[in-house]
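Participant: Those sequence lines, one after another, are chains A and B. Position one of the first sequence corresponds to residue 1 (our numbering), numbered consecutively onward. Position one of the second sequence corresponds to residue 1 (our numbering), numbered consecutively onward.
Since the hints were derived computationally from the structure, they do not count as laboratory data. These figures come from a predicted structure and were not determined experimentally. Cβ coordinates follow ideal geometry from the N, Cα and C atoms, glycine included. Treat the hints with caution; some may be incorrect.
Chain B is nowhere near these chain A residues, computed Cβ spacing over 10 Å in every case [as the list claims (entries may be wrong)]:
id: 1; residue: Met57
id: 2; residue: Ala227
id: 3; residue: Lys230
id: 4; residue: Ile245
Calculated pairs, PhoX-like style, for lysine-lysine (alpha carbon to alpha carbon, straight line, at most 25 Å) [stated by the list, open to error]:
id: 5; chain 1: A; residue 1: Lys86; chain 2: B; residue 2: Lys191
id: 6; chain 1: A; residue 1: Lys40; chain 2: B; residue 2: Lys192
id: 7; chain 1: A; residue 1: Lys230; chain 2: A; residue 2: Lys190
id: 8; chain 1: B; residue 1: Lys192; chain 2: A; residue 2: Lys86
id: 9; chain 1: A; residue 1: Lys86; chain 2: B; residue 2: Lys204
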Amino acid sequence: MEKIYSRPVSLNPVAFNYCPGCLHGTSQKLLCDVIDELGKQEDTIAVMPIGCSTMGMFAFDFESLGACHGRAPAVATGVKRTAPEKLVFTYQGDGDIGYIGFSEIMHAANRGENFTVIFANNGTFGMTGGQMAPTTLIGQRATTAPLGRDPSYGQGMPIHMSELVASLPLPVYVERCSVDTPAHANATRKAIKKAFDIQLAGKGFSFVEILTNCPTNWGVSPVQSIAWIKEKTYTEYPLGVYKDITQEG
Amino acid sequence: MEKVFMKGNEAIAEAGIRAGCRFFAGYPITPQNDIPEYMSRRMPEAGGVFVQGESEVASISMLMGSAFNGVKSMTSSSGPGLSLKSEGISTMAGMQLPAVIVNVMRGGPGTGAIQGAQMDYLMATKASGHGGFRMIVYAPSTVQEAVDYTIRAFDKAEQYQQPMLIAADGHIGAIMESVELPEMRPVANMKKNYEFFPHPGFGKTRQQVYSVDLNLKAQEDFNRYLADLYDIWNRDEVLVEEYLVEDAEYVIVTYGTSSRIARAAIKALREEGVKIGMVRPISLYPFPYDSIRKLDPNKVKKILCLELSIPVQVVEDVELAVQGKIPIESYGRAASLVFTPEEVIGYFNSIK
Ligand SMILES: Cc1ncc(C[n+]2csc(CCOP(=O)(O)OP(=O)(O)O)c2C)c(N)n1
Ligand code: SF4
Ligand SMILES: [Mg+2]
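Please put together the full structure from these sequences, using the hints given.
Facilitator: Here's what the structure looks like:
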């Protein structure tokens, strides 16, 4: 039998610490795949957030460091400015990037920093137990929005990070992806590869949003969570390329 | 050695460059704006990186990244900005990443008075953030000392792989004095010499640096490692000036700009035959407890703590050293107002 797929070399042979069916694991494995393909295991520095996905720290077999909650883009600025030859990325959740770290993501993007942000949008605070995130859908229940998110109750509207980042002049490439089907996972892999290629060519800031899930705090099974993404998440957060100036000039 | 006439803030910045600092990130705040301004033109000349961060929170985070790469790094701010940096400083202590943080102190609480003051003593020495970590804290009293202790702070940050603090008051930042600048040091990257406390689960061959450990035993061992480190600092890193204390019946405890005023007052009182001297902590942490503990209660009638702060904060460490054996008085001014030597003498005469 021919072996057509194996664990990426840059992924440690340990179990992810995520809940069953959590797509953080899928997304982080895709990242490692691309790093292998680029032959960059020895030259990658990951800046990890505070959130469930911090657990990637045990899985990644390359250099990494842990930022304070929300500050990964500022940490990555310090990393990349002092080691421009490295492949640098942040991996951040929606609470991390859309609430507490909103300033850091917008200003790193606005400076056109030459690194890549991977944004895992699961519409909830996974780590702390399902509180409302800036991306929580209207009507979606959270432990701090027990009746469901209601903008007329002062809980705001779902925030669209890809659209906001794409509205700035300097980011080079912004795409929203998903990993709910193998085809979408492949497309996400391509988007990550493209973002890293842009960085390695010194072209500037790249941003890949991945729609992920949180079966545990959504209160559904892993299979149901996939249906949820199709039925609810896509409507609020359409997939697509929001900015790509690699083709211009 | 090069002798120049320089403003305290700029001298601190230049000292950083000469110590090998090649990354600076900061956000403007009075009374330290000359530091980022100077760095913005000097850093590129020296082949380093200057970033105006979008906030103090972002600036300290940027240092986390540059220090991870082994680049000597510095940030500066004043009171409110230090409050914002505190999570990041604590995290760097947990990550064992070296950096030099400069607090050019102003008034408080809150926005306070924006010129010089010494109102951050307790913050600097007891809790510059959460989690019980400490930094070696230097309080310069001249522009020359600002240069010398900035360089020393870089050395100590590297030696102990921890963030270190310069607590300069706004007056030291603002005055101009003649100062000898040391030779430019060759730039040395620290990364290959980094040694991290072993955390199970993280790479042994790859540099993976976090302030979180899910292994509680390992986390506690690391806390113990830090506690031992602070013991070493208390043994080896105390810096103090004892001025005319041998025969003193009165001892002033003070630091930074206040110590200059105290020195003038002591000279005038000595001329009148008053036996008075001064203990001047140069390292605010570790505090020179021994210099105060050894004062003879049969000889020293009173200790006077002087600080540009109301309430006077340094008195808490003096009380710890004195253990009630010598009466302590304290006198402070706040809101960026400064006592004169005459005012200090007047207060002394009222309590002696
Ligand atoms: C300064 C600070 N505030 C709050 C927290 C607690 N906290 C940890 S993770 C988290 C939310 C994470 O949510 P998200 O970024 O969406 O990541 P997820 O766990 O969903 O992947 C919070 C609020 C913290 N660690 N630090
Ligand atoms: S809590 Fe949610 S986001 Fe966190 S690991 Fe579990 S499923 Fe994933
Ligand atoms: Mg989330």
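Participant: Now look at each hint and say whether the structure bears it out.
Facilitator: Status of the hints after comparison with the structure:
Residue-level check failed: A/Met57 sits 6 Å from the nearest beta carbon of chain B, not beyond 10 Å. Every C-beta of chain B lies more than 10 Å from that of A/Ala227, the closest at about 33 Å, which supports listing it as non-interface. Listed as a non-interface residue, A/Lys230 keeps its Cβ farther than 10 Å from every Cβ of chain B; the least gap is roughly 34 Å. Here A/Ile245 stays apart from chain B, with its beta-carbon at least about 23 Å from theirs, past the 10 Å limit.
A C-alpha spacing of about 15 Å is found between A/Lys86 and B/Lys191, which places the hinted pair at or below 25 Å, so the restraint holds. At most 25 Å may separate the alpha-carbon atoms for a hinted pair to count; A/Lys40 and B/Lys192 meet this at roughly 20 Å. Proposed proximity of A/Lys230 and A/Lys190 is supported: the alpha carbons are some 21 Å apart, at most 25 Å. Taking the CA atoms of B/Lys192 and A/Lys86, the gap is near 16 Å; set against the 25 Å cutoff, the hint holds.
Annotation: proposed proximity of A/Lys86 to B/Lys204 holds, straight-line Cα distance about 20 Å (limit 25 Å).
Checked against the numbered hints given earlier, the structure breaks only hint 1 and satisfies all the rest.
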